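Q: Chain order of the listed sequences is A and B. Position in the first sequence (from 1) plus 70 gives the number in this note's numbering. Position in the second sequence (from 1) plus 677 gives the number in this note's numbering.
Hint data in this document are derived by calculation from the structure and do not stem from the laboratory. Small disclaimer: the values here were computed from a predicted structure and weren't measured. Heads up, none of these hints are tricks.
To give an idea of the chain A side of the interface with chain B (calculated C-beta under 8 Å), a few residues:
no.: 1; residue: V84
no.: 2; residue: W94
no.: 3; residue: L297
no.: 4; residue: T407
We put the beta carbon where it would ideally sit given N, CA and C, even for glycine.
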Amino acid sequence: MPKRRDILAIVLIVLPWTLLITVWHQNAIAPLLAIRKACHHLVKEIFIIPERLAVRHHRLSDDGVEGKREAGGQAQDSKEYCASDKDIVEVVRTEYVYTRPPPWSDVLPTIHIITPTYSRPVQKAELTRLANTFLHVPNLHWILVEDSQRRTPLVTRLLRETGLNYTHLNVETPRNYKLRGDTRDPRIPRGTMQRNLALRWLRETFNANNSQPGIVYFADDDNTYSLELFEEMRSTRKVSVWPVAFVGGLRYESPKVSAAGKVYGWKTVFDPHRPFAIDMAGFAINLRLILFKPQAYFKLRGVKGGYQESSLLRELVTLNDLEPKAANCTKILVWHTRTEKPVLVNEGKKGFTDPNVEI
Amino acid sequence: MATRMKLKLKTVFLLYFMVSLLGLIYALMQLGQRCDCTEHDFPKDRTISRLRGELHRLQEEMRKFEVTKQPQKQPAKPSLPTIFVITPTYARLVQKAELTRMSQTFLHVPRLHWILVEDSPHKTPLVTDLLMKSGLTYTHLHMPTAKDRKLQEGDPSWLKPRGVEQRNEGLRWLREDRRAQPGGDNQQGVVYFADDDNTYSLQLFEEMRSTQRVSVWPVGLVGGMKYERPVVEGGKVVRFHTGWRPSRPFPIDMAGFAVSLKLVLANPEACFDGEAPMGLLESSFLQGLVTMDELEPKADNCTKVLVWHTRTEKPKMKREEALQAQGLGSDPAVEV
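With the hints as extra help, turn the sequences into a complete structure.
A: Here you go:
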């Protein structure tokens, strides 16, 4: 009998403490979960509204829109916005086919796209289709740098008509750095001065302390970009990398990613022992990193062919810091296409067509 | 007995104190953790309030549109004619890239129906997936070219006409589809032949939408010149400004004209003639449809270039081929 009483006493003593502990636990966890749920719900609302807004824009101009479009592109992949372990947020993609450009969100990181360009017959065509691509990407800022003495009216007009958020710069590459005619001398990197000018502009415009989140991407005007690429790069914390098609004489070049999700090498044939054996279109840098390391630029002189990207990345990150994107570097989201030089034999010496017509 | 009870009581008390001490320590630990959790909460709260603010702002904008939309609803608006774009395509390395950027352009154009015809005995998964994810209104067809009509490796691109069977298949489907759906509204539309490597500006599609019979405009970077164009005098096309064989009935590139759907349906025999001599492919189609003075000039009386006949280089695969010879080629499962 005493034994039972003792046991009862012990139980009575221990019970309130266990109750207290469990109740405390619940109180700590539950608010967290509630907040997360509220966050997700709000995100879905925010990003679905622009779509409805877009559809209404369209309906103002044209009644009787067919339902086929909605049926055609349904279930878009949605990523979680409120991932608790990431500093930079990811985005939920939606359909906003008709608002040009898409509504500017206050919470998405801005993608700053640096594109060097130079005058040639296909320039307007290249920039036109590039603009058509960019018009689909929310929070995009296009920094177009011309290789010219003065800003050309062609580019000025084009940028204004697209309606994109842009910055128009120019710097002329001195003659002995330019490629001569058709000879491809890979020792002279093209577009370097223009990209450096854009980096300098970014550093002068944005303050390291209170800048809004941004991602910097170098996009050449003849490549092809899928829209998914821009969403992948938005979550870059330092430098993110992915495969690029049609470079290095291969179907695609890609970083080697370990099972743990870390980059440990480069799957290329052309000099895979470069510090960063990657094409200009294969990486994106967080703006903060650019601002924190103000001395990092592309090296202009004495750069071997294929080492231009390394000359910049070497000063910013190590191999270990690279973030692989595109499903651990297994999907191709950007193609290094090149446009043929058009044959203009029939123009003759004096020019057959009216030079006042812009092409 | 009493001492044993006393001892038992002592142990009980001891136990009680130990348990309560442990409980307090555990609670203190929990307290510490809770501090961390609330730190987490603040940025989340901030995000939530920001999101809420944006939500309210966008809802306001939506309400504004609803208000302005109401009075406009009264007058009946004619629906936009659909633009049917017929594109022949064939499998090669740059195919996915070309179709991707084409679809990105088309996504901006309202009321566009893309008719993509593959040069293949069956529909390929690459194109099927691309079309499904594009968000466009589309029709996916396929029509293989006969072996003797196909360009061989190393042939110059102008040796044999390309895309003939595919464009004709597109026309055939369109005619059949429209016949199956009678109704005046379905006859409204414009047919445009767009190759997958050209570059199109968005303004072009708005210009061609008002086509009554056949409309024409300049095309850039074609015919060995900066651009080819119809010459317009008094609002009518009088001749064509081109550097190559201007004596053709219609010396115009495939990308330089659009035909109204009504005309296509009214002439069910009109199609592209694969046997036509070089450069006369477009003429073989247009001859039966329209005469030169019936052509409608667009693009500011044919003075602006809104479409460019760009061509994409074939990517160099020397290293890939070398690797494949060694059996170390890139993963074919990765779609390029």
